[in-house]
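Engineer: Work out the full structure, taking the sequences as your base and the hints as a guide.
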Amino acid sequence: MSRGLWNRETVALVLIASLMPLALFWVWIEGIGALARFGLALLVAAGWHLAFMLLRAQPPSLSVLTTALAIGMLAPEELGVFRMVLGISFGVVMGELVFGGWGRNVVHPSTVALSFLGFGFPAFAWPVFEAPVAWAAVPALLIGVAFGVMPAGVVLSAALVGAGAAAAGMLPEPALLAGGVVLALLVADPVTSPATMLGRWIGGAFFALLLVFFAAGWTGAAPVQIAVAAALLASLAAPLFDEIAIALWVALRRRRHGRT
Amino acid sequence: MSFLGRSAGLIPEISSPPVVGGTEDVVTEETAVRPGNGAAPAVTPLVREGDLVAAGAAVACLRHAPDVCFVAPVAGRVARLSLLPGRRLSEIVLFREASGDVERHDTADAGTAAGLRRLMQGAGIWPWLRRRPFGGMPAHNEVPAAIAVMAADTRPLAPDPATALEGREEAFLRGVAALETLTDGPVLIFSAEGARIPDTGRGAGRIRRLICGARHPQGSAGIRIHQAFPAGLEAPVWDIHAEDVAAFGTLLETGVLPMLRLVRIGGPALREGRLLRTHPGADLRQLTRRIVAPGQHVVLAGSVLDGRPAQWLGPRDRQVSVLPREGAARKPHWLIAALSRSAIAPAIPSAGLDQAFGGALPALPFIRALAAGDDETAMKLGLLSLLEEDVALADYVLSEEGQITAQLRAMLDRIQSEFAP
Numbered sequence: 000m001s002r003g004l005w006n007r008e009t010v011a012l013v014l015i016a017s018l019m020p021l022a023l024f025w026v027w028i029e030g031i032g033a034l035a036r037f038g039l040a041l042l043v044a045a046g047w048h049l050a051f052m053l054l055r056a057q058p059p060s061l062s063v064l065t066t067a068l069a070i071g072m073l074a075p076e077e078l079g080v081f082r083m084v085l086g087i088s089f090g091v092v093m094g095e096l097v098f099g100g101w102g103r104n105v106v107h108p109s110t111v112a113l114s115f116l117g118f119g120f121p122a123f124a125w126p127v128f129e130a131p132v133a134w135a136a137v138p139a140l141l142i143g144v145a146f147g148v149m150p151a152g153v154v155l156s157a158a159l160v161g162a163g164a165a166a167a168g169m170l171p172e173p174a175l176l177a178g179g180v181v182l183a184l185l186v187a188d189p190v191t192s193p194a195t196m197l198g199r200w201i202g203g204a205f206f207a208l209l210l211v212f213f214a215a216g217w218t219g220a221a222p223v224q225i226a227v228a229a230a231l232l233a234s235l236a237a238p239l240f241d242e243i244a245i246a247l248w249v250a251l252r253r254r255r256h257g258r259t
Numbered sequence: 000m001s002f003l004g005r006s007a008g009l010i011p012e013i014s015s016p017p018v019v020g021g022t023e024d025v026v027t028e029e030t031a032v033r034p035g036n037g038a039a040p041a042v043t044p045l046v047r048e049g050d051l052v053a054a055g056a057a058v059a060c061l062r063h064a065p066d067v068c069f070v071a072p073v074a075g076r077v078a079r080l081s082l083l084p085g086r087r088l089s090e091i092v093l094f095r096e097a098s099g100d101v102e103r104h105d106t107a108d109a110g111t112a113a114g115l116r117r118l119m120q121g122a123g124i125w126p127w128l129r130r131r132p133f134g135g136m137p138a139h140n141e142v143p144a145a146i147a148v149m150a151a152d153t154r155p156l157a158p159d160p161a162t163a164l165e166g167r168e169e170a171f172l173r174g175v176a177a178l179e180t181l182t183d184g185p186v187l188i189f190s191a192e193g194a195r196i197p198d199t200g201r202g203a204g205r206i207r208r209l210i211c212g213a214r215h216p217q218g219s220a221g222i223r224i225h226q227a228f229p230a231g232l233e234a235p236v237w238d239i240h241a242e243d244v245a246a247f248g249t250l251l252e253t254g255v256l257p258m259l260r261l262v263r264i265g266g267p268a269l270r271e272g273r274l275l276r277t278h279p280g281a282d283l284r285q286l287t288r289r290i291v292a293p294g295q296h297v298v299l300a301g302s303v304l305d306g307r308p309a310q311w312l313g314p315r316d317r318q319v320s321v322l323p324r325e326g327a328a329r330k331p332h333w334l335i336a337a338l339s340r341s342a343i344a345p346a347i348p349s350a351g352l353d354q355a356f357g358g359a360l361p362a363l364p365f366i367r368a369l370a371a372g373d374d375e376t377a378m379k380l381g382l383l384s385l386l387e388e389d390v391a392l393a394d395y396v397l398s399e400e401g402q403i404t405a406q407l408r409a410m411l412d413r414i415q416s417e418f419a420p
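So the sequence lines, in the order shown, correspond to chains Y and L.
First residue of the first sequence: 0, per numbering that gives the first Met the number 0; consecutive thereafter.
First residue of the second sequence: 0, per numbering that gives the first Met the number 0; consecutive thereafter.
Hints listed in this document are in silico derivations from the structure and should not be mistaken for laboratory results.
Possibly wrong hints are sitting among the right ones.
[What the hints assert, rightly or not] Here are some chain L residues the structure puts well away from chain Y; computed CB gaps all over 12 angstroms:
1. E28
2. D66
3. P84
4. V101
5. G114
6. L172
7. T253
8. L259
9. V291
10. Q310
[What the hints assert, rightly or not] Residues on chain Y that point at chain L, a partial pick, calculated with CB under 8 angstroms:
11. S1
12. G3
13. N6
14. R7
15. V10
16. L49
17. M52
18. Q57
19. P189
20. T218
21. I245
22. H256
Virtual Cβ for every residue (Gly too), placed ideally from N, Cα, C.
Structural biologist: And the structure:
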């Protein structure tokens, strides 16, 4: 039989390729320290993938690279190796591997790890992105949407609502930039974003609205912290949006055809 | 669900050499009478090995519904009659006899619904019908809630139904009008935009003309039925190819059922493609002889997406695909073999997967419901209108070898045993 190519590992590879602009600019601006953070995150996450492969016969996935990149870029700074290993282990194991690996998880493992690190060790400063790194999120999102691995609805609605709020002066620039990076790294993940057309548009807009809401009302929070918290809530709400979209679709069909 | 409308879908690129030569009529030396895909029905053979049969004469009928006959597509001598345990039909092979007769059916009482049904069942049109949900030939007394006439086919390398209907407009319209008497619901004619399909007249009662896009699976019967008139447990929907409707119309006029149909032979393992008219049950080895490229190959009855290796053309097939045979795969590393045995990789949503259902239903929730065995969600999302061929594109896109198709069939079988009356 003849076969197409969009299996799990192809999607993971294309996702890595689309995040390349972001990763390259980040390494270029931040230098060797960035590589060390990425290396540590990759080592720990890959170690857990290996452990689950040997203990539970769960095939490892190349998506570990995107997880490591997101943690490396967004984790609070100066945490030290022990805390980082703790946070990454929690995120990768409890966020992804116990559910059966990439594709069956509910929340992005990096979102779990970052929330754990952020809420667990609030004394450490969150990273601040230079403008070139933050703007590199735009080509990353464009590549991802063009190749179909990032859900277009999520990206478009988040971009529209975010741009509208920024134009209206409701979203300060640091929060907008951090939101763009988090959108590319965490929110536009194909697995944990909503899976229906309507759900995707609601989900992206929900992320952007949370961003606006937190930026206005959460005093003392860093832009990246705001964006990560918004990403966590948006991905937790994704199944709800899907459920709403499907219920609506089924109700419309019932009305039209008398059955589904 | 879809704002893309008619542009939704994909065009899988399957390489094939161009069609050479005109459309000639081919009757193969050997012919087999076979049931369609699915469980083989229990039959009573009406001929013995060595008998001479006319073209269109019944060779077997269903054991529990003797009205429904399987007919010989060409005149010939019965060479082999093979039944499976339980007197279920495997195949009846005929050797062609050039001097054979043609069976003429009595169309006197085709004016009534019961007479028409008897004519269709006796003349061998019944196996060309397919019902949804669950697939297969309709029961002999089933009344459909709607009938879909497929004058569109978007599978890769499929022959154009409009070409098949050229010069047979009147027969087609007569067939459609006759189908209308079989159902109380609508008769839906699906055709591509701008296709030269005979006009049934606007607002002609229950006959409706619907347009579908050019990309697969827009011309797939299940996807169309799902959008226009979903099949339900109590509301079976039949589908039939437009060319078969034209043949039915000719049967009504002349009493003889024309067996030849337009078939495209394509695929990457050919030297040249062919477009010809042949009959159901044609011998695929004879059809592909001399046009296959050197090297090992496998001949599929049906398209590259949903075909299956076969020796004979099935009752509903209009495509023959010839693919290079993949050599015995190298034994994978023991660890990779163990991992791929232990776990099925989940489907990751991508734009390709969304398009694989033509935007007709929420793709990922449906795939997840299939994988999880969640019957009720799958039925809510439209499972009952779909058959294997409608989800074959999703299998292709996700690079899974028939896994979604197999899950769909298993779920349909389970629902049939649990819910169906």
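Engineer: All hints are to be evaluated individually against the structure, with a verdict given for each.
Structural biologist: Here's how the hints hold up against the structure:
1. E28: 29 angstroms, holds
2. D66: 30 angstroms, holds
3. P84: 29 angstroms, holds
4. V101: The assertion about V101/L holds, with a minimum of 39 angstroms to chain Y.
5. G114: 31 angstroms, holds
6. L172: 27 angstroms, holds
7. T253: 39 angstroms, holds
8. L259: 29 angstroms, holds
9. V291: 17 angstroms, holds
10. Q310: At roughly 18 angstroms from the nearest Cβ of chain Y, Q310/L sits farther out than 12 angstroms, so the non-interface label holds.
11. S1: Since the shortest Cβ distance to chain L is 5 angstroms, the answer is holds.
12. G3: Where the cut-off is 8 angstroms and the nearest Cβ of chain L is about 4 angstroms from G3/Y, the hint holds.
13. N6: Holds, about 4 angstroms.
14. R7: 4 angstroms, holds
15. V10: 4 angstroms, holds
16. L49: 12 angstroms, violated
17. M52: Holds: closest Cβ of chain L sits about 7 angstroms from M52/Y, inside 8 angstroms.
18. Q57: Nearest chain L Cβ about 6 angstroms off; hint holds.
19. P189: Holds, about 5 angstroms.
20. T218: 37 angstroms, violated
21. I245: 6 angstroms, holds
22. H256: 5 angstroms, holds
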